[in-house]
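The lines below spell out each chain.
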Amino acid sequence: MCKKADHEAPEAMAKRVRRTVLKMVYDTKSPHIGAAFSCVEALVTLFNGVMSISPETVGSPDRDRFIMSKGHACAALYAVLSEFGFCTTNDLCAFAVNDGVFEEHPSIDLHRGIEVSTGSLGHGLSIGTGMALAASIDGRKHRVFVLLSDGELNEGSVWEAVMFAAHHKLTNLIALVDANGMQALGHTRDIIDLEPISEKWKAFGWHPQEVDGHDVDQISASLSALSAEHPNVIILKTVKGRGVSFMEDNLLWHYRAPDEREYELALKELSE
Amino acid sequence: MRTAFFKRLESIYADNGDVVVLTGDLGYKLFDRFRALDPKRFYDVGVAESNMIGIASGLALSGKKPYCYSIIPFLVMRPFEQIRIDVAYHDLDVRLVGAGGGFAYGLEGITHHGLEDIALMRTLPNMTIVAPADRYEAERFAELSADHRGPMYIRLGHTNEPTVHDSVPEIEIGKISVLRKGEDVALLSYGRTVSTALQAMDLLSDEGISPTLANVHTIKPLDVEAMAELFKTNNLILVVEEHQYEGGLGSAIAELAAEMDYTGKVRRLGIDRTKAYVGRAEYQRERHGLTPELVAEKVKKEMI
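Keeping their order, the protein sequence lines are chains A and B.
The first sequence maps to residues 1 to 272 in our numbering.
The second sequence maps to residues 273 to 576 in our numbering.
Bound-form chain A, shown alone:
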């Protein structure tokens, strides 16, 4: 089992997670490495002490909940879960294979830290809203974190949840938008321009913060400066394919897995 090295810099872990993801994707010829790379720092930050959840508390009603609404980027989630002991490296070897453990979109697996099956965009925030509402009904103090993609904001159901959460002041709900600026067929600005994203959320009654989604300090700081009056959203300004020069902001890596040469090149960049 992989275990987080004590006092390790989160940046070092992020780099290792990218190498793990690269290997998983290369071995299985799976898609979506670009979307996985853009949310690595967010995942590492959340699991590294922000969220109150551990392999020992997966069954506790008071645990924080994490929902990977952008389910297609799950290779990054699996790699991070293994870093924190929710699953084993053997589980990672059983990614995207017949009779495996992990699919190319996450399936509910509480013991391995996966709260809910996702993969169809526009579901996660509503489910998270329901979880946050349940906590509020019961007077429990835990929080619900939902990671969405920016393309996902095209889905109308996201805004249904946004309106509900704001109306009911679900301050225990924290949305994170991986704003890597790309969706399945191109740049978001060319397909459905989302800007100004923060102002949209603000107009809907949320407390938005915009940060560099690859800067763990900025992400951490935003998560320590949450509003106690409104639901919170962190807009993570990120780069799709971040960490490997030839994958960055390149739509090809929403679909392709690296060949042997590309794998070696990418691994070299991620090992520096």
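Hints in this document: simulated from the structure, not taken from any laboratory.
There could be a bad hint or two in this list.
As the list claims (entries may be wrong) - Covered by chain A, according to a simulated footprint, are these stretches of chain B (three or more residues, beta-carbon under 8 Å):
{"id": "1", "segment": "306-318"}
{"id": "2", "segment": "331-339"}
{"id": "3", "segment": "492-501"}
Claimed, not checked - Computed cross-link-like contacts, EDC-like style, restricted to lysine to aspartate or glutamate with a CA-CA straight-line distance of at most 20 Å:
{"id": "4", "chain 1": "B", "residue 1": "Lys570", "chain 2": "B", "residue 2": "Asp478"}
{"id": "5", "chain 1": "B", "residue 1": "Lys312", "chain 2": "A", "residue 2": "Glu229"}
{"id": "6", "chain 1": "B", "residue 1": "Lys312", "chain 2": "A", "residue 2": "Asp138"}
{"id": "7", "chain 1": "B", "residue 1": "Lys492", "chain 2": "B", "residue 2": "Asp363"}
{"id": "8", "chain 1": "A", "residue 1": "Lys141", "chain 2": "A", "residue 2": "Glu229"}
{"id": "9", "chain 1": "A", "residue 1": "Lys202", "chain 2": "A", "residue 2": "Asp212"}
{"id": "10", "chain 1": "A", "residue 1": "Lys169", "chain 2": "B", "residue 2": "Asp310"}
{"id": "11", "chain 1": "A", "residue 1": "Lys169", "chain 2": "A", "residue 2": "Glu229"}
{"id": "12", "chain 1": "A", "residue 1": "Lys169", "chain 2": "B", "residue 2": "Asp316"}
{"id": "13", "chain 1": "B", "residue 1": "Lys572", "chain 2": "B", "residue 2": "Glu558"}
{"id": "14", "chain 1": "A", "residue 1": "Lys141", "chain 2": "B", "residue 2": "Asp290"}
{"id": "15", "chain 1": "A", "residue 1": "Lys237", "chain 2": "A", "residue 2": "Asp190"}
{"id": "16", "chain 1": "A", "residue 1": "Lys23", "chain 2": "A", "residue 2": "Glu104"}
{"id": "17", "chain 1": "B", "residue 1": "Lys492", "chain 2": "B", "residue 2": "Glu455"}
{"id": "18", "chain 1": "B", "residue 1": "Lys537", "chain 2": "B", "residue 2": "Glu501"}
As the structure is a prediction and not an experimental result, all values here were calculated from the model.
Every residue, glycine too, gets a C-beta built ideally from N, C-alpha and C.
Go by the hints and put chain B onto chain A.
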């Protein structure tokens, strides 16, 4: 039957702190008591059915027992994918309570008719489908739904359905109730058309024909054992339903009949979607042949 269902649910809501009631901004005056009893467990989510189902799923994943209410097409068709993934695949304790089965919303038009709901819900794993025949059964299903494990679709009519019972019956989910035991012919129905079939039985008995009438209030899972018995003892099975032909109970029975090598006839009376009329619910039913007279006629014709 809608009022009867929610009246019974009110007391369950009062007793069981895990029950949460959600509505997609429909049900005028239906929920006043819920709000008064405990405003923290009743939510009008607004005109946002997809979000309602997602929220219900999040609630259920947190140990709650959510009930979602709307008019059938808005409850099960608009958010079908949320029901498919969030509710059915996760096998959650979410209750979908739909008003307006068949033509109950008559003149409000096709947007409000519930004619494909059984077909859609039948395709989903883990989904239990029930349809009470009258207000007493509605009350019974409100009771049963509270302890049921897994997702459940409850297809209600609306108001003033003719009663089949005179008190709350002891029916069970998944068990066909035989309302009349006859011979040679079996009528199968659920929901409002059970009373139509009952009246048809009276017409037929005047002519010396006495079929069995089975109330298939649980459309999924089908009571396979009871069906095997009905196949054994009847030469004609007629399914009567206020639902389109494709995918309804009639389809389910035909599938079962084929698998069980039933050698008698399976016939269906449902809604032919190549025809559409403007009119009140009663008029629609009449035009589509769902009257006691036409049901009786169909039986006689098929018996030959």
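Here is how each hint holds up against the structure:
1. 306-318: holds (count 5)
2. 331-339: holds (count 7)
3. 492-501: Check failed, 0 qualifying residues.
4. B/Lys570 / B/Asp478: Status holds; Cα separation ~15 Å.
5. B/Lys312 / A/Glu229: holds (18 Å)
6. B/Lys312 / A/Asp138: holds (9 Å)
7. B/Lys492 / B/Asp363: holds (15 Å)
8. A/Lys141 / A/Glu229: Status holds; Cα separation ~15 Å.
9. A/Lys202 / A/Asp212: It holds: about 19 Å lies between the C-alpha atoms, which stays within 20 Å.
10. A/Lys169 / B/Asp310: This hinted pair holds, its Cα atoms lying about 18 Å apart.
11. A/Lys169 / A/Glu229: holds (7 Å)
12. A/Lys169 / B/Asp316: Between A/Lys169 and B/Asp316 the Cα gap is close to 15 Å, so the pair holds against 20 Å.
13. B/Lys572 / B/Glu558: At roughly 18 Å apart (the allowed maximum being 20 Å), B/Glu558 and B/Lys572 satisfy the hint.
14. A/Lys141 / B/Asp290: holds (18 Å)
15. A/Lys237 / A/Asp190: holds (17 Å)
16. A/Lys23 / A/Glu104: Status holds; Cα separation ~14 Å.
17. B/Lys492 / B/Glu455: Violated. B/Lys492 to B/Glu455 sits at ~25 Å, over the 20 Å cutoff.
18. B/Lys537 / B/Glu501: holds (15 Å)
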